[in-house]
Amino acid sequence: MKDNHCAYCMENELLDAFGIKICDLSVSMLYLFKEQSHPGRVIVAYRDHVSEIVELTAEERAAYLEDINRAASALHKVFQPKKVNYGAYGDTGHHLHFHLVPKYVDEFEYGGTFAMNPNRVYLTEGEYQDMIAKIKAAL
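Taking the working numbering, I'd label the letters of the sequence shown as residues 12 to 150.
No wet-lab data here; the hints were simulated from the structure. Positions of the beta carbon are idealized from the N, C-alpha and C atoms, including for glycine. Take the hints with a grain of salt, since some may be wrong.
Computed spacing ranges between beta-carbons, pair by pair [claimed, not checked]:
(1) 13 to 115: 15 to 25 Å
(2) 13 to 69: 21 to 31 Å
(3) 37 to 96: 14 to 24 Å
(4) 116 to 88: 12 to 22 Å
(5) 34 to 135: 13 to 23 Å
(6) 45 to 149: 30 to 40 Å
(7) 88 to 14: 32 to 42 Å
(8) 68 to 116: 22 to 32 Å
(9) 68 to 120: 29 to 39 Å
(10) 104 to 131: 19 to 29 Å
(11) 138 to 70: 36 to 46 Å
(12) 87 to 132: 19 to 29 Å
Taking lysine to aspartate or glutamate pairs in the EDC-like style, the calculated list, with each CA pair at most 16 Å apart, reads [unchecked claim]:
(13) 45 to 136
(14) 94 to 63
(15) 45 to 63
(16) 32 to 136
(17) 13 to 63
Take these sequences, add in the hints, and give me the full structure.
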């Protein structure tokens, strides 16, 4: 099921405003978050338009969590953060997705929650593509 007003379902200019598709995973899509105050920040969005994790069957939920784990493992390999924070929101965008936010000691926001969009660091197209290639290689 798709929602015509959902950035993740439509993968159009709504998504382009904040993310770049990296690839499809087994039951989800992986996106690079354009704002990179936390180098390597990505979003893992479930493939279908569901709002809550409780809407998934046990098998779907296990596969989704495995996709999240796969993405987190790639982030650890490529960026070597001290910690990855996991955020699942959706008060306004009702499509199940997790933000995976690498955190680095003595850097921006370490020791606290992360800002949804701090609007501090944006990269060039080449830098985004280089980051995406490294993440894909680590998957």
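With respect to the beta-carbon atoms only, verify the hint that residue 13 and residue 69 lie 21 to 31 Å apart. holds (24 Å)
When you take the CB atoms of residue 116 and residue 88, is the distance between them in 12 to 22 Å? Holds, at about 18 Å.
Does residue 63 lie within 16 Å of residue 13 when you go C-alpha to C-alpha? holds (15 Å)
16 Å limit on alpha-carbon distance, applied to hinted pair residue 45 and residue 63: Not OK: residue 45 and residue 63 at ~24 Å, beyond 16 Å, violated.
Against the range 36 to 46 Å, how does the distance between the Cβ atoms of residue 138 and residue 70 compare: consistent or not? Because 38 Å falls inside the window, the suggested range holds.
Distance restraint hint 29 to 39 Å, applied to the beta-carbon atoms of residue 68 and residue 120: holds (35 Å)
Range hint 14 to 24 Å: satisfied by the CB atoms of residue 37 and residue 96? Given about 23 Å between the Cβ atoms, the range holds.
Is 22 to 32 Å right for how far apart the beta carbons of residue 68 and residue 116 are? Because 39 Å falls outside the window, the suggested range is violated.
Can you let me know if the beta-carbon spacing of residue 45 and residue 149 is within 30 to 40 Å? Since the Cβ atoms of residue 45 and residue 149 sit about 20 Å apart, the hinted range of 30 to 40 Å is violated.
Using the C-beta atoms of residue 87 and residue 132, is the stated range 19 to 29 Å upheld? Since residue 87 and residue 132 have Cβ atoms about 20 Å apart, the given range 19 to 29 Å holds.
Does the Cβ-Cβ separation between residue 104 and residue 131 fall within 19 to 29 Å? holds (22 Å)
Check the hint pairing residue 32 with residue 136 against an upper bound of 16 Å on the C-alpha distance. holds (13 Å)
In this structure, the earlier hints numbered 1, 6, 8, 14 and 15 are contradicted, and the remaining ones agree with it.
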